[in-house]
Each structure stands twice: as structure tokens, then as C-alpha cells.
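Colleague: These protein sequence lines map, in sequence, to chains A and B.
Using the working numbering, read the first sequence as starting at 1 and increasing by one per residue.
Using the working numbering, read the second sequence as starting at 1 and increasing by one per residue.
Hint data in this document are derived by calculation from the structure and do not stem from the laboratory.
Honestly, I wouldn't trust all of these hints.
[As the list claims (entries may be wrong)] Selected chain B positions facing chain A (Cβ under 10 angstroms, derived; list incomplete): (1) A26; (2) Q28; (3) P418; (4) S434; (5) H435.
[Said to hold, decoys possible] Below, computed lysine-lysine pairings styled on DSS-like, alpha-carbon distance capped at 27 angstroms: (6) B:K123 with A:K88; (7) B:K444 with A:K166; (8) A:K123 with A:K244; (9) B:K246 with B:K123; (10) A:K182 with A:K166; (11) B:K444 with A:K244; (12) A:K182 with A:K217; (13) A:K24 with A:K9; (14) B:K303 with A:K88; (15) B:K109 with B:K88; (16) A:K217 with A:K166; (17) B:K109 with B:K123.
In this text, all values refer to a predicted model and were calculated from it rather than measured experimentally.
C-beta atoms are modelled at their ideal positions from N, C-alpha and C, and glycine is treated no differently.
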Amino acid sequence: MGGAANALKHDLERAIEERERDLKRGATALADVDLTMPGRGQWRGALHIVTQIVDEICDIFRELGFTRAVGPEAETERYNFYALNFPKDHPALDAQDSFYLGGDVLLRTHTSPVQIRTLENYKPPIRIVTPGRCYRRDPFDASHSPVFEQIEGLGVDEGLTFVDLKSILAAFARRIFSPTTKVRFRPSYFPFTEPSAEMDVQCQICGGGGSGCAACKGTGWMEILGSGMVHPAVLENCNVDSEKYTGFAWGMGPERIAMLRHGIPDIRLFFDSDVRFLEQFR
Amino acid sequence: MIVSRRWLEALLGRPLEGRDIADRLARQVAPVDAVVPIHQDLRDVLIARVLEVRQHPNADRLTLCLVDAGGSAPLEVVCGAPNVQAGKAYPFAPVGATLPGGLKLERRKIRGVESNGMLCSAKELGLGVDHAGILELQTNAAPGTPFLEAIPVADEQIVIDVSANRPDLLCHKGVARELAVSLGATVKLPEIPGGSAVGRLGGLKHASPTAQPPNRPTATVDGVEVRLEDPEGAPRYMIAVVRGVKVGPSPVWLSARLQAIGQRSINNIVDATNYILFEVNQPLHAFDLARLRGPAVVVRRAKAGEQIVTLDGVVRKLTAEMTAICDAERPTIVAGVMGSAESEVSETTTDIVLECAYFQPTRIRRTRRALGVSSESSYRFERGIDMLAMPEALNRAIDLIRAVAGGEMREASIDLWPEPQQPRSVFVRDARVSHLLGVPVPRKEIERYLSAVGRRTTGWRCRCPAGARTSRARSTSSKRSHGSAATIHSRTSSGPIVPAPSPTRRRS
Numbered sequence: 001m002g003g004a005a006n007a008l009k010h011d012l013e014r015a016i017e018e019r020e021r022d023l024k025r026g027a028t029a030l031a032d033v034d035l036t037m038p039g040r041g042q043w044r045g046a047l048h049i050v051t052q053i054v055d056e057i058c059d060i061f062r063e064l065g066f067t068r069a070v071g072p073e074a075e076t077e078r079y080n081f082y083a084l085n086f087p088k089d090h091p092a093l094d095a096q097d098s099f100y101l102g103g104d105v106l107l108r109t110h111t112s113p114v115q116i117r118t119l120e121n122y123k124p125p126i127r128i129v130t131p132g133r134c135y136r137r138d139p140f141d142a143s144h145s146p147v148f149e150q151i152e153g154l155g156v157d158e159g160l161t162f163v164d165l166k167s168i169l170a171a172f173a174r175r176i177f178s179p180t181t182k183v184r185f186r187p188s189y190f191p192f193t194e195p196s197a198e199m200d201v202q203c204q205i206c207g208g209g210g211s212g213c214a215a216c217k218g219t220g221w222m223e224i225l226g227s228g229m230v231h232p233a234v235l236e237n238c239n240v241d242s243e244k245y246t247g248f249a250w251g252m253g254p255e256r257i258a259m260l261r262h263g264i265p266d267i268r269l270f271f272d273s274d275v276r277f278l279e280q281f282r
Numbered sequence: 001m002i003v004s005r006r007w008l009e010a011l012l013g014r015p016l017e018g019r020d021i022a023d024r025l026a027r028q029v030a031p032v033d034a035v036v037p038i039h040q041d042l043r044d045v046l047i048a049r050v051l052e053v054r055q056h057p058n059a060d061r062l063t064l065c066l067v068d069a070g071g072s073a074p075l076e077v078v079c080g081a082p083n084v085q086a087g088k089a090y091p092f093a094p095v096g097a098t099l100p101g102g103l104k105l106e107r108r109k110i111r112g113v114e115s116n117g118m119l120c121s122a123k124e125l126g127l128g129v130d131h132a133g134i135l136e137l138q139t140n141a142a143p144g145t146p147f148l149e150a151i152p153v154a155d156e157q158i159v160i161d162v163s164a165n166r167p168d169l170l171c172h173k174g175v176a177r178e179l180a181v182s183l184g185a186t187v188k189l190p191e192i193p194g195g196s197a198v199g200r201l202g203g204l205k206h207a208s209p210t211a212q213p214p215n216r217p218t219a220t221v222d223g224v225e226v227r228l229e230d231p232e233g234a235p236r237y238m239i240a241v242v243r244g245v246k247v248g249p250s251p252v253w254l255s256a257r258l259q260a261i262g263q264r265s266i267n268n269i270v271d272a273t274n275y276i277l278f279e280v281n282q283p284l285h286a287f288d289l290a291r292l293r294g295p296a297v298v299v300r301r302a303k304a305g306e307q308i309v310t311l312d313g314v315v316r317k318l319t320a321e322m323t324a325i326c327d328a329e330r331p332t333i334v335a336g337v338m339g340s341a342e343s344e345v346s347e348t349t350t351d352i353v354l355e356c357a358y359f360q361p362t363r364i365r366r367t368r369r370a371l372g373v374s375s376e377s378s379y380r381f382e383r384g385i386d387m388l389a390m391p392e393a394l395n396r397a398i399d400l401i402r403a404v405a406g407g408e409m410r411e412a413s414i415d416l417w418p419e420p421q422q423p424r425s426v427f428v429r430d431a432r433v434s435h436l437l438g439v440p441v442p443r444k445e446i447e448r449y450l451s452a453v454g455r456r457t458t459g460w461r462c463r464c465p466a467g468a469r470t471s472r473a474r475s476t477s478s479k480r481s482h483g484s485a486a487t488i489h490s491r492t493s494s495g496p497i498v499p500a501p502s503p504t505r506r507r508s
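The shape of chain A in the complex, shown without the other chains (with noise of 0.2 angstroms):
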């Protein structure tokens, strides 16, 4: 054993030995290397489109006072539905078809339970916004994927109402679409918010002129979030006095935004992990 140790530990010298040598005599001496070459070029990495939008939403919201949360992707029932006041058995479930993992853990099907862990530890006043990743039994389609990102942003404090909902959505619009972006509310249904709303910003390909545009099929709006004034039953759940306080909250896909911005057709371009379609957004 020893004396195996002893070759080995002369061979490495000698090794080193010679490296050195060599690197002394410069790297001119070596013939075999051509300095006229050109260099192999590094593949330098860059962030996601999908990140970079995540990222750059954050940002907006940051400078309106908001903090970015974050909670697990697998949850329970309760955190993903019931705190949130969806009724068992009822089809609103329907939208949401979840994979679970067994017994009633299931992975998430929107960031929204990030908003009751943040209720249950935290006082108001709250001002978050909780990107993640979100999953659902929905087919894989140039509109769907099974796997996606979402941006909730939750505000709670005493007298938020449905102006600053609406004033703080729409200065969002005009900073992430143009400064002279139109955006319309239509009423809409989520369980865990009374009264709700969907946000149309005008349609960022025609312009707004609508007819003949297939991106917005002719109505010069298009649909990019889902918003309203946080159910009074969600706040109880979280042991929140509702009538102290009231809050308003939303939900945005920022793979549809990145669509939307950039005139991307398919949103399994964004899952093919290919460098030429990667590239263009760095």
C-alpha cells in the first residue's frame, strides 16, 4: 500500500512538474496551438421570456407597494379551495380540475393559497403579489398547458375599494402593454371574490379596431386577468375581520401576457426548450 502510494505521489509530481515547464516556456513554443484561430464561441445563458415577464410584472407591482410571496406548490384542499370559499361539490370545481397526490394533497391549482397563508400569518395591512407555477388536468393545446405560471396580487387594509382595484389594474395595464392602453372591467365569477371582474385591455395587435382581427375574433378587447373585492367569507376563513376590513385581488397568466406582447401563436413554444425560439428574448 505504501509503495503504491509512493509511485503514485512521484508520477503526479513529475506531472506537475512537466505542466510547469511547459506554461514557463510560454504558450508561443507550442507548436501545435494556432493563435490565428478563432475562439469557440460560449453559449451565454439568459432568463426565460416566461421569467423575465414574472419578473418584470413583480417589478410594476413592487413600485405600487407590493411584496413578492411565495408558498409550495403541492397544497391541501383547503388552502387550494375551501379557505377560499369554493362549496364542496359544487361546478365551479369544474374549472379547475387538479391532479392530486393522494388523500386531499393536491398540486395547486392557482398561486391563490399563497393569499390565505399570507392572511392566516400576517396582519393587515397586506400588499403582495405571488408568482408560481400552477397545474391543471387541461389538455396541451396552443392555448392550454397542463403546467403554467400565475401572478396573484392581493391588497387587505381598512377601506380598499373597488377604485383602487380598478386604478391600480389599469396603471399596471399602461405600464406593461403602452402608456395610452385602454382597459375595461366586465362582470365575471370567482368564488373567493364578490363582486368580480374580468379585465379587457384593448387589443394589443389591431389596435382596438377590432373587425377582422383574429387575436381579439373582431371585439377590439382582449381578456388578461380576473379580478374583484375579496369575499368576506375568504377574510373570516383567515380569522380577517370583514367588516374592518376589505381587500381586492387578481390573477394574470404571464405566459398570456408574453403572448400578447410578442404575437406568440402557441404556448407550447414556451415548453420546447428551443434555443432559436428561446434567443429572440433575451
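With the hints as your guide, set chain B onto chain A.
Modeller: Just chain B, lined up with the frame of chain A:
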């Protein structure tokens, strides 16, 4: 949910424009996915009057018709239909016209005689399956008038994305009610064509909107014993017996209504029940009295392992968690989901049992998931229908059936409703509305928005009308036109807005 523009026009009593309806609905009620014109492929077809019919010189079965299609001179047209008659009006495709399916008409010789166009059958126009003869038209329109202008078949489908809290939008009446607010119109159910001839309910007393005490769990109607053994699964259950109906094809107006929203016309009885479903959101089921052992209708929980062959021909095994409508021996309907092939109304049916029920939404949802089958009925029961509007819907269904299929009622329908419900009240605090919205909304204005969609406001309370309920999603009674009205949430409205069938439903 697909609604027909023409159907809405009938309810609102005024002409509408598809795109305009879509905009109003999208802004105030629910997103509209599409506006789809139907029968636009008939735009080349004209109204023509046949002036003269002669024998084709070279063919026994063909005729040579002189046709006035509005042009300067009559046209000579070869026709193969046995029913062509001089003096009558028919749809006519001139040379150069494109017919449904893309067929382009050319001038060509048929057995040596040139034909300048074609008189069309219902099938050639995509308006039915009848190909035995050409379609005779009852119209005074001048020859040459476009077919679509003269005959009301052109329609637009408005495809509405209805959210889970708005089951009231799953019928034309509910959609019309929202439009009425925006248009300043009123909603009125149209007269049933031919309805006045048979008289309402054949002179029998109308079912009353509230149950008459004592609220029995069993009753007999026209020799049929009805037993409600599962009031939890079926809180309210109504049955009518109509005898002497003649099952056959539906009149054109009825099949056209259903076809316009993408439904197949089956026969006059089934079409009548489907019409009521899409008009006022009340699923109905008609089954053959002759196939009913007893004759009895028993509403009970299914026994584990009981089997039924449903309408789609599939053998389904029931569990004790499901409600079944049975005769004296076995299940004939998976309650609220699908009937059996055996008890289905057929051409030989003369006496029918007409069911009008409220089934417990959670039970229906679990049943249809367990069986892996869904229907227009289960979709609606699962979302909750208007329990208080059932008598009205049943009476209208009876009137409609008698108008399109004849038949007599010997006894008034029965209404099993062990625990009658009252219209539900919801508290609205005007200060809270303004507080949440951030803009002042005066009480008068709140009242105006609410009464426009049929809510009665009395003091601090707001009483909800037909159809606007949502099970247990607390404050969603009124996602209404103006956003502001949508804040009728309150601590007192923790149950469904229209009657909760039983306390066990409230689990939220």
C-alpha cells in the same frame, strides 16, 4: 349556452341584432364566445311561384314547370318532385346559385330539355330530412324575394360562457331578462302557436305555485300512484298525466327553434319538453305510461347494484347514493340525469307521465360523475333550478304538449313538496355597497338596478325572483348589469338565494 337571436326576439317582442346582443351581454352579464349566423348558405335561394306544370316530353316522372322567379320572363325548370303544383310557392335556386354543401347550380339539359334552375326540397336546403318532395311555402312574398327575407329561418346563435353562479342564464328567459334591462324592454313568454285552440290545461285547475297543505309524500293522479320516498334527493316533485297524445314529428316552428340552438328534433313530445328546458330552465321528463308497472312512480334511493339501460343504450349500475325514479318494480330514470330506453316515449305511446322535479344539486353532481354521463338536465339540476317556478313551467309544458300532440288531462297535476320553501330574502346594506365600491350608490339607485332584473325590494331586504340562485356560493345572487348591484353579500345570506331544499344542503 347557445341562445337563438330569434328566440330572444320572441321573448322581448322586438327585433334584435346578434352583434349588439353579444356586446350588451359581454359588458353587463357574461362573456360571449361567438355569434354564429346559421342558414346563411341559403342567401342565393329565392321565392318562386310555379305558373304552369306540364309533362316532360322525354320522361314520365319529370315535369316541366314555368316558374316566376321575379325576372322579366318566366323560366322553364325541370322538376322531379311529385308534389309540384301550379299556383304554389317554392324555394328556388337560380342558375349560378350555391346551395348548402357547396353545390353550384349550372344551366343544363335534363333529358333533352334545358332547366334554368331548381325547385328545392327541405333536405337540399339543410332545413330537414324531407326529400320526398319540394318544400311548399306558405308565403305572400313576391316571386324573386330572397328566401331568407321571406321565411324566418335565418338566425344567429349567441354562444354565452355562463359561469357556475349564474344558472339563470341557462335558458332564453334568463338571458332575455338581462337584455330587457339594457334595452328597456319587458320579457313575456310568447303565445304557443295553436295553444288557444286546445285551451289552457283543458280547463283543469292550474297547479298552484305553493303546495297545498297537507304536504303529502304520496298522491294519486289519474290512476297513477306517486310516492316521494326520498324528499332529500327530490325536495319537490310534480307529476301530470296526459292521455291520448299522438306522437309524431314536431311542427316546423318548434323543430326550427330547437335546430337553431343545435338540438336535434326527435318527436313532438320530447321536443316540447326540450323547448321548455331551453325556454325557462326547467328540465322535464316524459315517459310512457303503458310501460309503467303499477302504474306507479316511486322516487327513492336506488338499491346498490340495481341496473338500468339508459337512453344511450348503456347498462348502468346504480348505487344507494343515487336517486332513482322507479315504477312499482324497478328504476325507469336515473333522477335528473337520464331516462331508460325502455320507458322512453315512442311512436306507439298514447298516454304519458310528465315529470317536473327539483333534484338536489350535490346528489346530481355526484351521480353523473359516478356514472360518467352528463345531460342538459343534469347540467341544470347540478347548478340549481328555480324551485318556485316549477308549476308555471309544468303548466306551460302541458299546454305545449296538448298544442303539438293533442291529448287530454283528466285530473290536475300533483305537487309533492313536503317542506315548502318561501322566496328567499337577502339583506343589502346600502352603506356597505358604497363602502366596497368606493363610489356613492344611493339606495334609490340600488333599488332601481335590482327591480330591473325582477327583484322585489322591501325595506332593507331584497326578495329574489325566479331562477337567480346559486347554491351556497354566498353573495353571488346578483352579478348584475351594473357591477354596483353585485354587492348584495351579507352575513345573513349564507344559504342559497332561492329556497334551500333541506338543511343538509348548506355545508359551506
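Colleague: If a hint holds in the structure, say so; if it does not, say that too.
Modeller: Okay, the hints, checked on the actual structure:
{"no.": "1", "hint": "A26", "result": "6 angstroms, holds"}
{"no.": "2", "hint": "Q28", "result": "7 angstroms, holds"}
{"no.": "3", "hint": "P418", "result": "23 angstroms, violated"}
{"no.": "4", "hint": "S434", "result": "9 angstroms, holds"}
{"no.": "5", "hint": "H435", "result": "7 angstroms, holds"}
{"no.": "6", "hint": "B:K123 with A:K88", "result": "48 angstroms, violated"}
{"no.": "7", "hint": "B:K444 with A:K166", "result": "25 angstroms, holds"}
{"no.": "8", "hint": "A:K123 with A:K244", "result": "12 angstroms, holds"}
{"no.": "9", "hint": "B:K246 with B:K123", "result": "25 angstroms, holds"}
{"no.": "10", "hint": "A:K182 with A:K166", "result": "12 angstroms, holds"}
{"no.": "11", "hint": "B:K444 with A:K244", "result": "26 angstroms, holds"}
{"no.": "12", "hint": "A:K182 with A:K217", "result": "18 angstroms, holds"}
{"no.": "13", "hint": "A:K24 with A:K9", "result": "22 angstroms, holds"}
{"no.": "14", "hint": "B:K303 with A:K88", "result": "25 angstroms, holds"}
{"no.": "15", "hint": "B:K109 with B:K88", "result": "24 angstroms, holds"}
{"no.": "16", "hint": "A:K217 with A:K166", "result": "25 angstroms, holds"}
{"no.": "17", "hint": "B:K109 with B:K123", "result": "23 angstroms, holds"}
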